[in-house]
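Protein chains: 2
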Amino acid sequence: MAEFLTGFKRTDMCGTLRAKDAGRVVTVMGFVQKYRNLGALIFIDLRDRTGIVQLAIKNTDPFYEKAASIRNEYVVAARGTVAPREGTNANASMDTGEIEILVSEIRILSEAAVTPFFITDNCNANETLRLTYRYLDLRRPFLQKLLMLRDKATRAARNYLAENGFLEIETPMLGKSTPEGARDYLVPSRIRQGAFYALPQSPQLYKQLLMIAGMDRYYQVARCFRDEDLRANRQPEFTQIDIEMSFVDSEEDVMEIAEGLIKRVFFECKGINFTEKFRRMTYQEAMRRFGSDKPDTRFGLELNDLSDALGKCGFAPFSDAVNAGGGIGCITYPSGAAKFTRKDADFFSEFVKDYGAKGVFSAYLKEDAAPAFFKHLTDAEITALMGVAGAQTGDAVFIIADKKKENVLNALGALRLHLAKKTGLIDESKYDILWVKDFPLFEYNEEDKRYYAMHHPFTSPKNEDLQFIKTDPGRVRAKAYDLVINGQEAGGGSIRIHSGEVQRLMFEALGMSEEDIKARFGFFIEAFRYGTPPHGGLAFGLDRLVMLLSGDDNIKDVIAFPKVQNASCLMTGAPDFVEEKQLNELGLKT
Amino acid sequence: MAEFLTGFKRTDMCGTLRAKDAGRVVTVMGFVQKYRNLGALIFIDLRDRTGIVQLAIKNTDPFYEKAASIRNEYVVAARGTVAPREGTNANASMDTGEIEILVSEIRILSEAAVTPFFITDNCNANETLRLTYRYLDLRRPFLQKLLMLRDKATRAARNYLAENGFLEIETPMLGKSTPEGARDYLVPSRIRQGAFYALPQSPQLYKQLLMIAGMDRYYQVARCFRDEDLRANRQPEFTQIDIEMSFVDSEEDVMEIAEGLIKRVFFECKGINFTEKFRRMTYQEAMRRFGSDKPDTRFGLELNDLSDALGKCGFAPFSDAVNAGGGIGCITYPSGAAKFTRKDADFFSEFVKDYGAKGVFSAYLKEDAAPAFFKHLTDAEITALMGVAGAQTGDAVFIIADKKKENVLNALGALRLHLAKKTGLIDESKYDILWVKDFPLFEYNEEDKRYYAMHHPFTSPKNEDLQFIKTDPGRVRAKAYDLVINGQEAGGGSIRIHSGEVQRLMFEALGMSEEDIKARFGFFIEAFRYGTPPHGGLAFGLDRLVMLLSGDDNIKDVIAFPKVQNASCLMTGAPDFVEEKQLNELGLKT
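Protein chains in written order, with this note's numbering: chain G, 175 to 764; chain L, 175 to 764.
Bear in mind the hints are in silico, worked out from the structure with no lab data behind them.
Remember, predicted model here, so these are calculated numbers, not experimental data.
Incorrect hints may appear among the rest.
One copy or any two copies: either way a pair holds, since identical chains are not told apart in the list.
Unchecked claim - Here are the simulated EDC-like pairs of lysine to aspartate or glutamate, each with C-alpha atoms no more than 16 Å apart in a straight line:
#: 1; residue 1: 527; residue 2: 433
#: 2; residue 1: 755; residue 2: 402
#: 3; residue 1: 232; residue 2: 689
#: 4; residue 1: 437; residue 2: 606
#: 5; residue 1: 636; residue 2: 177
#: 6; residue 1: 183; residue 2: 426
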């Protein structure tokens, strides 16, 4: 039968006791990690979120029988004297290994059945089982440390923002559906049957309205929702550190504040002190050199443009691409000729198809045999290729040609990353942080034959590009910026449109009718009429930021109760069927 | 046309400039509160969230024409020199009244149409108009200060909790519907059509599972949802400071931590230093003396029990009530005989009907005429009444008799509050804080003929009362506690059941079938099997806490974007009708 705590008060956490505590009478509480009954002595490893400490019980102790009944994961409170463990008894692999607690009183607070998997970091239970028993999975030190890291990172961010005059302001979860891009999660209204709230994809409109309201600087650690088919490392609900500030109209104003936040978080969580300003790179440069708007610059393998060198050559796949307005590009892998095989080349050709390209010409520059397609090129063309590619004998050159330039860049960018990961070119001990800016304001969608906002429809065009918004939207650059850490987008934002007139031009460029604008954003356009400070902001993805801080690459690990691929929770069974009565009250039929 | 900020950087907030800043060149930015054009001089009052500062522009300034075009609520940036305002020019009613800014450059960042109401604290626009233009309403200093207070209170609470070892852990918004009490907001699943998530009424289950997971101490500033018909000062979404801790099994363990939090918040937000321990009062005592489980003890008018004194008297309304197992109670209002009228007495009788009583016997103890019903009482009974009531000639005694004791207490409690408010007995400058504890575990519902959990079904019974849970549930007291501030429930919580066995007894006492328990709480009961630390916690209502700190009594004022009575948002129009396509994707019909 479980015992009560009466008279017991915890004095120390298990993992914090050290040799200097020897002689102290302490009370610790936790879960039993393991027990060893040596007859004359029982040793119990007691675990809390700070670590593990060893309890020692002698067979002369009056509570020996009770102690002998203790099993793994029992919840136990123990009082005793900290004693040094001498010589070979010390355990150097444990932080508390220099001491143990000689128990004078022990209580069993809760018994425990045998757990479906053993609570340890090198647990080999499958993810489904671990997520079904998430409360047991979370007992593993690895996950506990991640949640503690998350708490710490959030706290560092909050403190920084408060010191910089940002107010934490909560915005509604039950909002209005204004779908543009992702799908909204809807919430049926009972009082107004047939009508729905939407859960926010981000607090974008509200935070801009707070600027119009004169709140000046806002932040929120905001839960956001997207009803999308989940890819790896996506969750239906996610958290962002959401920031907005007034009286800024240049990107640098926001980037400076945001950069300070990231530096603070890295310093407090990792002890890393970034003293220099993060690099700035334009979208154009990022795409040209790395084939990505979130380049990982911890390694080389930069892209080269072969369009001029080979555009007029006699090899149809190359010349046709350039003639159709596309391009030719390559990556040179130094000393790659002997590293990669024919089979690799086949794989690369398959691999790039996901990125819009049709294949890769893998040129292994061997002493003895030229790549097959070289026979279609003149000597001058081969020389030009080698020059642009910076290649020499022994290297591998991977060439992609396509009738669309962006396919060349995207595919080479993806191939570049793949090659680096596969061949271990990335120094994982390094943090590589940079800003990407000057994004295009619009993306053209071939299928819909219309422009979409690359970030969102509230992003301000660059002052000097506003003139093209009606005549040549593709040319307009945005006052937008992304922070890229180790090739991942950690956050992004923009200076916002703060003129109702420009906002209307933007909606029109996106093909929205007057009626549409009014129905969906009427209240927002109206707000701009009454004096709107220039403003901008950004949002960091907290889940991803914690992953980057931890070096872990599974988003589920940094979320206490994550959902799986089909957006369900294996522990609770949500979503689930509800009582008929509940649906009737909502006037809903499924 | 709007101008850009290029070259301008804010140096100071408007409301912070003082005489000591004279001579400094500053740049300020804000909204125009008002302007006065005196011909030779233009004065502009510029407002940001910190206050107002006066700008002065001379007709010899090259930008005089531009300045003359400025109207209310224009957004303006100005650079200039801080100059003292001498003698009668100083404005003692403004914090910045000793200085003004002699403008050397001014920019109009945004023009503004005439606002639908004037931006001032003594704005007389109706609430509907103000909520429709909430972003303008929020420009009023009164509301800005409330949101700043909310930020400050939240920050104080977070810092306190972090210092005490609590981790901020986020729990899901998309959860499982387990309705017990209030109605859930549902979120249809697209992937599993016909199934629903529920938005949390509180993170109760998750936070307990975090204790089972060994996270030890948790907190969250958590958004919660209840789909109830809104009464005054209720919102469909609200925020609580949600706390849970392990290794506690006595109420005092949690109350001590929670009390420290409230003290910290009051100190940081109001400069009030509560040095003494908050009073503890049992539920029994609170009901008996004040007729309320959230007694306002800033004034007297305590309840007296007349059941013994008058239970056997010849006045049927009294004796019948006692004979039927009910009671008779009273409040004595000193010197009330001349204060209240016959009409008041009629009103009181009506008033108490909402609280289950049938009426009030208002006994005005006048020199010249005894209350009518005294003729049914013997002299001894009258003497006894006066004795128990502590009444003397000149007082008013308000008596309620009912066949249910709780009706007597509830009605007298409500009447007591009403009398105090109406006659100004409450010292509003005072904070009156106390704990109410030892609540009954269950409430019996006459209509459903079953017991309900008074707090929630996870509340632990008192150790000594557990034995009655099957035989006499009404007698079982809970390890529950509420913090009451000025007669309002600021927060409440309990020690939780930490044994699966007891939890099952509890569900059974609530009339849940084995099947029901399994379908709704199966995963939760299962979790208890693997070792559960004793744990407990509480939640403070953040919205109400901020109201109490501010002295304001409208919950909408402390929420950035509140909803109105029918749970709609007047600004955005949410909830709203959505596209057919969205419903089709969810497999829903309305």
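Within, between, both or neither, where residue 636 and residue 177 count as close if Cα-Cα is 16 Å or less: between (68 Å within a copy, 14 Å between copies)
Copy assignment of residue 437 with residue 606, given that the CA separation must stay at most 16 Å: Within one copy only: 13 Å inside a chain, 44 Å across chains, cut-off 16 Å.
Within, between, both or neither, where residue 527 and residue 433 count as close if Cα-Cα is 16 Å or less: This pair counts as neither: shortest intra-copy Cα distance 36 Å, inter-copy 62 Å.
Residue 755 and residue 402: within-copy, between-copy, both or neither at 16 Å Cα: Between copies, since 15 Å is at most 16 Å while 29 Å is not.
Within, between, both or neither, where residue 232 and residue 689 count as close if Cα-Cα is 16 Å or less: Neither. Shortest intra-copy (82 Å) and inter-copy (46 Å) distances fail the 16 Å Cα cut-off.
Homomeric proximity label, residue 183 with residue 426: Cα distance no greater than 16 Å: between (53 Å within a copy, 12 Å between copies)
Taken one by one, the earlier hints fail for this structure at numbers 1 and 3, listed in ascending order.
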